[in-house]
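Sequences listed follow chains P and C, in order. All residue numbers for the first sequence refer to the working numbering, where the first residue is 1 and numbers rise by one. All residue numbers for the second sequence refer to the working numbering, where the first residue is 1 and numbers rise by one.
None of these hints come from the bench; they were simulated from the model. No residue lacks a Cβ here, since even glycine has one placed at the ideal position from N, Cα and C. Fair warning: there could be bad hints in the mix.
[As the list claims (entries may be wrong)] Derived DEER-like restraints, expressed as beta-carbon distance ranges:
1. Gly334(C) with Leu255(P): 26 to 36 Å
2. Thr99(C) with Gln181(P): 35 to 45 Å
3. Gln107(P) with Gly102(C): 15 to 25 Å
4. Leu255(P) with Ser79(C): 34 to 44 Å
5. Gln181(P) with Thr65(C): 35 to 45 Å
6. Leu307(C) with Asp188(P): 31 to 41 Å
7. Asp455(C) with Gly334(P): 49 to 59 Å
8. Glu173(P) with Tyr34(C): 53 to 63 Å
9. Gln55(C) with Gly225(P): 47 to 57 Å
10. Thr329(P) with Thr65(C): 12 to 22 Å
Protein chains: 2
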Amino acid sequence: MAKEKKLVEAITSMNEDFAQWYTDVVKKAELIDYSSVKGCMIIKPDGYAIWENIQAELDRRFKETGVENVYMPMFIPESLLNKEKDHVEGFAPEVAWVTHGGSNPLQERLCVRPTSETLFCDFYRNLIQSYRDLPKLYNQWCSVVRWEKETRPFLRSREFLWQEGHTAHATAEEAEERTVQMLHVYADFCEEVLAIPVVRGKKTEKEKFAGAEATYTIEALMHDGKALQSGTSHNFGDGFAKAFGIQYTDRDNQLKYVHQTSWGMTTRLIGAVIMVHGDDSGLVLPPEIAPTQVMVIPVQQHKEGVLEKAAEIRERLFAFGVRTKLDDTEKSPGWKFSEQEMRGIPIRIEIGPKDMEAGQCVLVRRDTREKTIVALEELESRAKELLKNIQNDLFARAKAHRDAHIYDAHSYEEFTECVTEKQGFIRGMWCGDQACEDKIKEEFAATARCMPFDDKEEIASVCVCCGRPAHKLVYWGKAY
Amino acid sequence: MAKEKKLVEAITSMNEDFAQWYTDVVKKAELIDYSSVKGCMIIKPDGYAIWENIQAELDRRFKETGVENVYMPMFIPESLLNKEKDHVEGFAPEVAWVTHGGSNPLQERLCVRPTSETLFCDFYRNLIQSYRDLPKLYNQWCSVVRWEKETRPFLRSREFLWQEGHTAHATAEEAEERTVQMLHVYADFCEEVLAIPVVRGKKTEKEKFAGAEATYTIEALMHDGKALQSGTSHNFGDGFAKAFGIQYTDRDNQLKYVHQTSWGMTTRLIGAVIMVHGDDSGLVLPPEIAPTQVMVIPVQQHKEGVLEKAAEIRERLFAFGVRTKLDDTEKSPGWKFSEQEMRGIPIRIEIGPKDMEAGQCVLVRRDTREKTIVALEELESRAKELLKNIQNDLFARAKAHRDAHIYDAHSYEEFTECVTEKQGFIRGMWCGDQACEDKIKEEFAATARCMPFDDKEEIASVCVCCGRPAHKLVYWGKAY
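Could you build all of it, start to finish, from the sequences and the hints given here?
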């Protein structure tokens, strides 16, 4: 019993110290390990399997919209990175530089890609000649490097995994349409698959991507009331095309610049899942992305027939398309329960001699701990139904929590009160002046998370910062 | 007609200049493009989709044997790379060094991983404490960098995609068993999926991996008679474990070193597919890995109902699980045929007004160009059957070609004749002395490809190089 307590006690309570709770969960749930390279993490089997599930589903959704995958080199020559002025200013301070190949110094330094706009532009310049070559809808799955000073597993690490889509279009309208389309792909994915509600909107000029004309974002609220930017989609207009000379001959025989977009999602999503759904017993995974959806745990497994019956349950569910495992190790059932809870496995099935006698087993939900007794003949359908309910309930619970942490501020005084005393999104009007954003960031460490698409109401007529007339509604918040 | 001829004429004949033919095919079949980073390639949609198909099937086979995926950092601190002597000597001359993060010099240089043995060892040292923690069967899919001087698309590039499996075991026997098991997974995959026959065997001491006790290999024969090492599996014994201090407490309470393996396959496999199956019209893809298995090409598509019928055929096959596309562009049918052949799409379906009248369509095999008239009601079953036949025939043809290019040499004279006048594998006995390997390499640029598992016959009693007594049968060859 001492050992079992230890596993549970090892996690800090989330209300006591949310940051420490997070660090405890990523380690104890065996999602990551630290490596000997500062700021780079090892993604362990359970962490990587979550990423594989995210990848498979996102990739399917991309391909449905006509996107094709490619692979670009991981290195960018310095001269290529320097071609677009805003872009290089945004990224150069945090890139890793390769200076030697073997024992020879390179003629030109190469940076390890922090993002691949410049490589795609260089590629598109040669590839695109005619309107017949458009649009190009390419994506790649890879890792990128940003030499951050402070790092946290999944949320901010020097190397992380992501996908980056890069498209080229004949017209500005098409590019804008694709930028918004991909944002909705991201938002739907977050809500339907990760069970995380998001606010869809546009970034301010200050917060947009280096080199973009417009950046769209989805913003999620973590359990501690801080925001997490969970996916962004950028419209570059013809800025990169002009810097790189990407032109095509249109139907009217005129030479025109293409219009481009890019959009990305990262392993940071795993951090979002942890911080939205997790609790003091550890991880809570939405069934859609859980590497293991059901863990079968035999009770009194030394008794005749128990292990066989547990194995049979595992086999039946597995054959039914449920990702199921059996824990038949020598550990005690209590220890196994704690492990299953820590790892966030959505359902555990308890089966012992008494259940066998009654022709039943016990399904326990990870999220609510609710127990359901299920007749063995109904096992498959009931397990699948329960997984569906858990998925839906996780979303509903996260949405209720998020909605309960959105505050309206109509003036500077109300804004100050919200931002200092509450944790969550603050809805407040903004005049459009960057000086106000700067002031709010400096005073409160809060930023304009986004100007929402679907919420254009003017909750007040003046800017929450300067009191001048304002027509833009902004979601403000402190962010990861 | 001029345009159509151009596409075909653009390829060098393989008998005229095999190297140029290869370069033409990778470009014209749109598998790769060159990038502005010397020696690094861009993998285009068709090339990447082949890799995705290879990945999916290999990954499935790995997981069936209990392997789990993880992700390790792409950087290795110099001190970590230096821990195993043979290993660092093998790789240090060809690694890319990162020396700066942003504008600051790093305290310690980091190399971009050329392979990840050292990272896995560092990880395992902390992870493995007890016999209960064993075995560890981890794999990762990633890109690696080796600063090669001469590069060729897929075959040898400075960055390439691969998987690297790294396992740790309690005993030497288990490690040896896993090493050989994975080699057979590779070999079966090559034969069943890529339709490439391979020789399975062991590398000589000279040819083994830097730091390994034993390296096993599968060797394939390209159309030009040169060998391609297509996958390797290494048994490290406890060498790395001793260098890194990876110990576990066994059941008997004794502290013991683990025994390790690693095994890898790369995008080089795509090069093998090209060079084994391709012909003077371009790529020929085995149906199992073809991104598009069937291309539907309407004939006289301006005639009423033709495009609709072609679309219907595409829909029906797609719904039946056949990867099918429709080419409804404005190009001429002849031009489309050439493109489909260049891209190696296993079957094209021709459908025109006369076929519609007769309730049929024409299936044309890419490999033999054989035409089959198929009644539309039998479309799905006949197409699937034909894909299966193509897959089998490609293997049979490659095997016949390979077997016809294996030569037995019983003496130095016969060896000299074979290696200078024939193209293929040369079977010849070897005394076991590395001096003989060195001599053969220097004189003929040929190497010991492997000592085969399944062919232990002694075809002669003396070494093909020195004439001394010899008991080891070796497949010799010139290799990519």
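Here is how each hint holds up against the structure:
1. Gly334(C) with Leu255(P): 26 to 36 Å: With a Cβ separation near 31 Å, Gly334(C) and Leu255(P) satisfy 26 to 36 Å, so the hint holds.
2. Thr99(C) with Gln181(P): 35 to 45 Å: 41 Å, holds
3. Gln107(P) with Gly102(C): 15 to 25 Å: 22 Å, holds
4. Leu255(P) with Ser79(C): 34 to 44 Å: Given a distance of about 54 Å, which is not inside 34 to 44 Å, the answer is violated.
5. Gln181(P) with Thr65(C): 35 to 45 Å: Given about 41 Å between the Cβ atoms, the range holds.
6. Leu307(C) with Asp188(P): 31 to 41 Å: For Asp188(P) against Leu307(C), whose Cβ atoms are near 33 Å apart, the range 31 to 41 Å holds.
7. Asp455(C) with Gly334(P): 49 to 59 Å: Since Asp455(C) and Gly334(P) have Cβ atoms about 56 Å apart, the given range 49 to 59 Å holds.
8. Glu173(P) with Tyr34(C): 53 to 63 Å: 33 Å, violated
9. Gln55(C) with Gly225(P): 47 to 57 Å: Taking Cβ atoms as reference, Gln55(C) and Gly225(P) lie about 40 Å apart, which means the hint is violated.
10. Thr329(P) with Thr65(C): 12 to 22 Å: 20 Å, holds
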